[in-house]
Amino acid sequence: MHDSPVSPLAARRARRTARRAGSLAVLLAALLGIAGCSSVRDTQRAEPYSNQEWLQSGANRIANLSLRDNLQSIRRVQSTLYKRNPREWRKSAASMEEATQRAWDAVLKGPPLPELKGASGIDAIRMAFDTTPQGYQGDRVAALVYGWATMLKQANGDTWDQTMLDGINAENSFRAARNFEISLWLISSKTGPDGQPLLLATEISDRGRNLVADRELSKVVARLDLLAAQADEKYRRAALDFGQNWVMGVVMPLFTLVPK
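For the sequence shown, this note's numbering begins at 21 and goes up steadily by one.
A couple of the hints might just be wrong.
Taking lysine-lysine pairs in the DSS-like style, the calculated list, with each CA pair at most 27 Å apart, reads [to be verified]: (1) K111 with K137; (2) K173 with K239; (3) K103 with K129; (4) K173 with K129; (5) K103 with K137; (6) K129 with K111; (7) K103 with K239; (8) K103 with K210; (9) K173 with K137; (10) K210 with K137; (11) K210 with K111; (12) K210 with K129; (13) K239 with K210.
Derived Cβ-Cβ restraints for the label pairs, each shown as a range [as the list claims (entries may be wrong)]: (14) K111 with D252: 19 to 27 Å; (15) P153 with S112: 14 to 22 Å; (16) D143 with L246: 24 to 32 Å; (17) R81 with R110: 20 to 28 Å; (18) E201 with T152: 19 to 27 Å; (19) P153 with R235: 33 to 41 Å.
Calculated directly from the structure, the hints in this document are not laboratory data.
Cβ atoms here follow ideal geometry from the backbone N, Cα and C, with glycine treated the same way.
Let the sequences and hints guide you as you build the complete structure.
Pasting the structure below:
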């Protein structure tokens, strides 16, 4: 008994179906591989998806994660400065924890700290280092935290949570990085009327060196500089990205139709 002859059209259809099935299998394997790699290399920092995230591009997500890490760095510096300068938190609260909460409530919820008289960003930072007789007499650490956090918000498009309607302003991000560098220099060099350091930050003792402020503020500077560079690249690469997406979306599928 002989097999029935197969028409050329049916043979081409069969080959096309086989190629499509093979492509789907490769894609499924790749997805499973990615899932497997992510489970093995998990850094324990991933967050669950949120509804707001569907309104964010990849660049928005990176900016929001950078802002999150920068705010955490500021919290660590605040803790170090309060521990080394307890006179500052005593100006505004009964405990260091209450002073910390008070500063972050002003940052994230409002109203602003009344002693700053409406100052924010770089103006609040300037007040924190004002040592004139008629100058700022309030909690200098809280003023720094409020100034730093509001400056980061401005660099993030004046929002705590970017979407595709927002974006990083390269100039604001670059300027914020320089202001953090200046803040770090002032912390290490500024003295009060008595000639003593205005804020103690770095500790060198028999127990070792405490460089939390230097390390964390340097991280903030690095993240801001990277975001500024990314924002500068955004428009320069717009045409190239469009071309690459067109090739991958239009031209590449045509190659799958070419018989091998």
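*asked:* With the threshold set at 27 Å, check whether the alpha-carbon distance from K103 to K129 stays at or below it.
replied: 25 Å, holds
*Okay, P153 versus R235 on CB: inside 33 to 41 Å?*
34 Å, holds
_Please verify whether K103 and K210 have alpha carbons no more than 27 Å apart._
18 Å, holds
*Under the criterion that the straight-line Cα-Cα distance not exceed 27 Å, is the pair K111, K137 satisfied?*
Answer holds: K111 to K137 is near 16 Å, not above 27 Å.
_Next pair to validate is K103 with K239; report whether the Cα-Cα distance is within 27 Å._
21 Å, holds
_Against the 27 Å threshold, does the CA-CA distance of K103 and K137 hold or violate the hint?_
Status holds; Cα separation ~26 Å.
*T152 and E201 - C-beta distance against the hinted 19 to 27 Å*: 24 Å, holds
*Are K111 and D252 spaced within 19 to 27 Å by their CB atoms?*
About 41 Å separates the Cβ atoms of K111 and D252, which means 19 to 27 Å is violated.
*asked:* Can you confirm whether the C-alpha distance between K129 and K111 stays at or below 27 Å?
replied: 21 Å, holds
*Can the suggested window of 24 to 32 Å be confirmed for the beta-carbon pair D143 and L246?*
26 Å, holds
*Given pair status - K129, K210, alpha carbons within 27 Å*: 31 Å, violated
*Hint consistency between K173 and K239 [alpha-carbon to alpha-carbon, up to 27 Å]*: 17 Å, holds
Hints 12, 14 and 17 from the earlier list are contradicted by this structure; the remaining hints agree with it.
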